[in-house]
Amino acid sequence: DTEVTQTPKHLVMGMTNKKSLKCEQHMGHRAMYWYKQKAKKPPELMFVYSYEKLSINESVPSRFSPECPNSSLLNLHLHALQPEDSALYLCASSQVGLAGGRETQYFGPGTRLLVL
Amino acid sequence: KQEVTQIPAALSVPEGENLVLNCSFTDSAIYNLQWFRQDPGKGLTSLLLIQSSQREQTSGRLNASLDKSSGRSTLYIAASQPGDSATYLCAVRPLGSGNTGKLIFGQGTTLQVKP
Chain A
1 DTEVTQTPKH LVMGMTNKKS LKCEQHMGHR AMYWYKQKAK KPPELMFVYS
51 YEKLSINESV PSRFSPECPN SSLLNLHLHA LQPEDSALYL CASSQVGLAG
101 GRETQYFGPG TRLLVL
Chain B
117 KQEVTQIPAA LSVPEGENLV LNCSFTDSAI YNLQWFRQDP GKGLTSLLLI
167 QSSQREQTSG RLNASLDKSS GRSTLYIAAS QPGDSATYLC AVRPLGSGNT
217 GKLIFGQGTT LQVKP
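Here the protein sequences line up with chains A and B, keeping their order. Position 51, counted from 1, in the first sequence is what our numbering calls 51; the numbers after and before it change by one each time, with no gaps. Position 55, counted from 1, in the second sequence is what our numbering calls 171; the numbers after and before it change by one each time, with no gaps.
Some hints could be false.
Only some residues are given here: those of chain A computed to face chain B with a beta carbon under 8 Å [unchecked claim]: (1) G28; (2) K38; (3) L45; (4) L54; (5) S55; (6) F64; (7) H79; (8) A80; (9) P83; (10) D85; (11) A87; (12) R102; (13) Q105; (14) Y106; (15) L114; (16) L116.
Since the hints were derived computationally from the structure, they do not count as laboratory data. In this text, a Cβ means the ideal position worked out from N, Cα and C, and glycines have one as well.
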């Protein structure tokens with residue numbers, strides 16, 4: 001099973017709302033990632049968790065708050081977002097520390113977020 | 117700072133043609149290079165991963181090569197089909213990324229294969 005699942009598929013929220021995006025994998029991967037992707041652009045890395053600890057925060061505004069409750073789950077809590085935060089949010093996972101750099105990242109289908 | 121460039125940005129070919137997508141990167145200090153496919157509004161699907169010690173990888177009609185010293189990779193698609201229409205992204209994992217798995221993506225090449 002090489003599947004990463006994300007819920008919800010679509011989300012519309014107002015600027016005062018609080019919502020959460022969820023990501024799950026059962027491949028035993030110990031690294032999980034959040035990316036943001038705007039239309040016709042490549043994914044931009046937001047956060048990396050390695051062994052359930054935050055290892056990269058790419059200077060993301062505090063209105064995005066990641067959480068890794070266990071090795072299979074990754075959440076992204078959203079609060080007071082701006083219209084420019086509308087994008088496709090992708091989750092990915094991979095193994096960690098394979099010899100020779102053989103870790104492939106597996107991506108979920110994404111959550112399409114619209115902020116009004 | 118590592119930069120990844122993909123040329124062309126868009127490509128349209130008739131069905132059955134063999135084609136090559138190009139990817140270049142500025143710093144040869146990488147763990148690996150990966151090619152992904154993305155259909156509109158969907159997530160990324162990993163196609164091929166080439167470790168820094170390898171020269172090429174093959175999967176079905178796809179062949180990816182890596183020339184680390186010149187900072188180039190190509191993705192060769194044989195006998196293209198309309199179902200190959202998608203955006204193809206290459207990404208490098210810099211040596212400085214440690215265990216974080218951080219990838220640097222190119223802008224992608226959008227391929228259209230016409231029946």
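Do the hints match the structure? See the list:
no.	hint	in the structure
1	G28	violated (15 Å)
2	K38	violated (12 Å)
3	L45	holds (6 Å)
4	L54	violated (10 Å)
5	S55	holds (5 Å)
6	F64	violated (17 Å)
7	H79	violated (25 Å)
8	A80	violated (26 Å)
9	P83	violated (19 Å)
10	D85	violated (18 Å)
11	A87	violated (12 Å)
12	R102	holds (6 Å)
13	Q105	holds (7 Å)
14	Y106	holds (7 Å)
15	L114	violated (13 Å)
16	L116	violated (19 Å)
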